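Given chain A, put chains B, C and D in place with the hints provided.
Given next are the chains, with one letter for each unit.
4 protein chains.
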Amino acid sequence: MSEVTGEACEHHTHGYIEHKDELLKRLRRAEGQVRGVQRMVENDDYCIDILTQLSAVTKALERVALALLDDHLRHCVASAASDGGDVAAEKLSEASAAIARLVR
Amino acid sequence: MSEVTGEACEHHTHGYIEHKDELLKRLRRAEGQVRGVQRMVENDDYCIDILTQLSAVTKALERVALALLDDHLRHCVASAASDGGDVAAEKLSEASAAIARLVR
Amino acid sequence: MSEVTGEACEHHTHGYIEHKDELLKRLRRAEGQVRGVQRMVENDDYCIDILTQLSAVTKALERVALALLDDHLRHCVASAASDGGDVAAEKLSEASAAIARLVR
Amino acid sequence: MSEVTGEACEHHTHGYIEHKDELLKRLRRAEGQVRGVQRMVENDDYCIDILTQLSAVTKALERVALALLDDHLRHCVASAASDGGDVAAEKLSEASAAIARLVR
Numbered sequence: 001m002s003e004v005t006g007e008a009c010e011h012h013t014h015g016y017i018e019h020k021d022e023l024l025k026r027l028r029r030a031e032g033q034v035r036g037v038q039r040m041v042e043n044d045d046y047c048i049d050i051l052t053q054l055s056a057v058t059k060a061l062e063r064v065a066l067a068l069l070d071d072h073l074r075h076c077v078a079s080a081a082s083d084g085g086d087v088a089a090e091k092l093s094e095a096s097a098a099i100a101r102l103v104r
Numbered sequence: 001m002s003e004v005t006g007e008a009c010e011h012h013t014h015g016y017i018e019h020k021d022e023l024l025k026r027l028r029r030a031e032g033q034v035r036g037v038q039r040m041v042e043n044d045d046y047c048i049d050i051l052t053q054l055s056a057v058t059k060a061l062e063r064v065a066l067a068l069l070d071d072h073l074r075h076c077v078a079s080a081a082s083d084g085g086d087v088a089a090e091k092l093s094e095a096s097a098a099i100a101r102l103v104r
Numbered sequence: 001m002s003e004v005t006g007e008a009c010e011h012h013t014h015g016y017i018e019h020k021d022e023l024l025k026r027l028r029r030a031e032g033q034v035r036g037v038q039r040m041v042e043n044d045d046y047c048i049d050i051l052t053q054l055s056a057v058t059k060a061l062e063r064v065a066l067a068l069l070d071d072h073l074r075h076c077v078a079s080a081a082s083d084g085g086d087v088a089a090e091k092l093s094e095a096s097a098a099i100a101r102l103v104r
Numbered sequence: 001m002s003e004v005t006g007e008a009c010e011h012h013t014h015g016y017i018e019h020k021d022e023l024l025k026r027l028r029r030a031e032g033q034v035r036g037v038q039r040m041v042e043n044d045d046y047c048i049d050i051l052t053q054l055s056a057v058t059k060a061l062e063r064v065a066l067a068l069l070d071d072h073l074r075h076c077v078a079s080a081a082s083d084g085g086d087v088a089a090e091k092l093s094e095a096s097a098a099i100a101r102l103v104r
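Residue numbers (UniProt numbering), protein chains in the order written: chain A, 1 to 104; chain B, 1 to 104; chain C, 1 to 104; chain D, 1 to 104.
FYI, nobody ran anything at the bench for these hints, they're computed from the structure. Do not take every clue at face value.
Same chains, same label: a pair holds when it works inside one copy or across any pair of copies.
[To be verified] Below, computed lysine to any residue pairings styled on SDA-like, alpha-carbon distance capped at 20 Å:
1. K59 with E22
2. K59 with I17
3. K20 with R63
4. K20 with A67
5. K20 with S55
6. K20 with V87
7. K25 with S93
8. K59 with R28
9. K20 with D49
10. K20 with E62
11. K25 with A89
12. K20 with E42
13. K20 with S82
14. K20 with A60
On a predicted model such as this, the values are computed, not experimentally measured, just so you know.
Just chain A, same shape as in the assembly (with noise of 0.2 Å):
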């Protein structure tokens, strides 16, 4: 992952433009997996094996949110924190609540 920058987090510097064709890639390949699933249902597949491949979907997904989110610690996140005050607190609520989400 890359250094923290301090430069605060308008619409051009979101931390995850660094590694955006990285992310469109996997979630490409996520796409065509759930198109894969879609596939076995239409062919009676077996259900353990459509369930083996949703799980494999669901732990990209989560792969993919585990990177932005670390992204957006380092870049909006650090950059709000080093400015301090409301903003700072405000990105950190968002920061947890997607955590939780994530979590949950």
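Structure of chains B, C and D alone, referenced to chain A:
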């Protein structure tokens, strides 16, 4: 969910067959959601908004998996359990392993 | 895990009875881990170290739940499935609901 | 949750210190719940009832972890981010790794 049926769990009688259209509809929606996340990344949307969508599609896929598992228990596992013996033990081991993959 | 047994799932033949000592040992260990986390908080230990312990005890409890569920499927659910009818449908609904609680 | 503070994250100023009593209360309750599950196993209670309690205590511990993580972000990580440099990068890597352990 449907009643427990006794017939053997051969290729044509997987539990989910009765809910195939509903499963395919939900999987196509999930596929669309993953494409939606791609567009958000392409448009440099805000990290937290992307994370919110990723959590939503992960949860949607989990619900599909739980529905599939329920059907599998009611049909394939239940009918194997009626037969007893090695086939039942194998089906139950498979089901437990699939549940563990979903939980972790 | 034990073989699938056919006898009815009355009070004395819950699946986990065969593994009761092992379950109690693992639950006592988890209890000790929770007390350990309390000591870390009392001693003002570093947050990340406490979080590491919390993840460990949460995972330990999940493994206990998965072992219990496996026993339940092999005994209570399997024997009910052999009987078929409403009892089986109810046991399967209960099992699916328990699995959903574990997954979410 | 408390406001973002700038002071360095040394031993005495961990984020959770302000909520120590609340954390200890919740951890003691979780300890009691684990002991309660032990009693259920000792009393040969019904598997599903035990699983329901196990899910409850697992979720309770997850909520404690999320509260601790929120405090950690607001204090240790935020103050390190203000300082920037290697310390910040390390704190952020630690936080991301802790989040990943919680999610998986």
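Original post:
Which of the listed hints are not met by the structure?
Top reply: Result: hints 2, 6, 7, 11, 13 break, sorted rising.
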